[in-house]
Amino acid sequence: MRIVEPWIKVEKIDGKKIMKRIERACRTCYRSEGNVTEDSYKNLLKNCITRGHESILEHEKVTVRVYCDIGSYKDLTRHRFASFSVESTRYCSYNKDKYGNEITFINPVYIENKETYDIWKETMSCIEKAYVAMRESGATVDMSREILPHSTAAEYTMTANIREWKHILSLRTTKHVHPSIRQVMIPLLKYFKEEMPEIFDDIEYDEEFNCKYYAKILIEDEI
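Quick note: the sequence shown uses my numbering, first residue -7, plus one each step.
Be a bit skeptical, because a hint or two may be false.
Computed list of lysine-lysine pairs in DSBU-like fashion (alpha-carbon distance at most 35 Å, straight line) [said to hold, decoys possible]:
1. K121 x K1
2. K12 x K208
3. K185 x K121
4. K106 x K90
5. K53 x K121
6. K4 x K204
Treat the hints as calculated values from the structure; they're not laboratory data.
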């Protein structure tokens, strides 16, 4: 059994270039392409967002790879206007060499009570033993996955346009959201705020959520 921390890999983006491309698309509506300057996108985007004219944000997209518990991605895949490719528990047989002959679980660091955490850890160990026993008894991967808990680690690729990211992050970073989702979505929101402040700065998030729980953000040249 392995217990690991979640992470999120984000494709390397140039937020300014993304916003300037959105600006050019938007100016088609007014045929005001001649008004483009180095910083003209700032006021244009802010004004459009203030007026609710957010369809222009759909012209650009961002892809991320997330490694978290399967309980989290079950919630995130409810967002209809995003695309997902998810590690399948139907085809991933965790008792094989490819997976280290063990199940990997995401560490629920927000469970701070030691007694409670120890109960969780012992439960995960029992589940792993049962999973291996089922596979050795002849159970298929389809059968064995029935006992996998929400804490099981899995990787998925997620792509959404900028408008949908704005919608997702406004919903999935509040204190009403499960901690394991805030773990990955808050640092992603903060990254977007740095890269595209004119678009994402107005999104409020749970600032009381302890930053030591944040999933690590990894920037990749290509995903």
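- Message: To test your reading of the hints: which numbers does this structure violate?
- Response: 3 and 5
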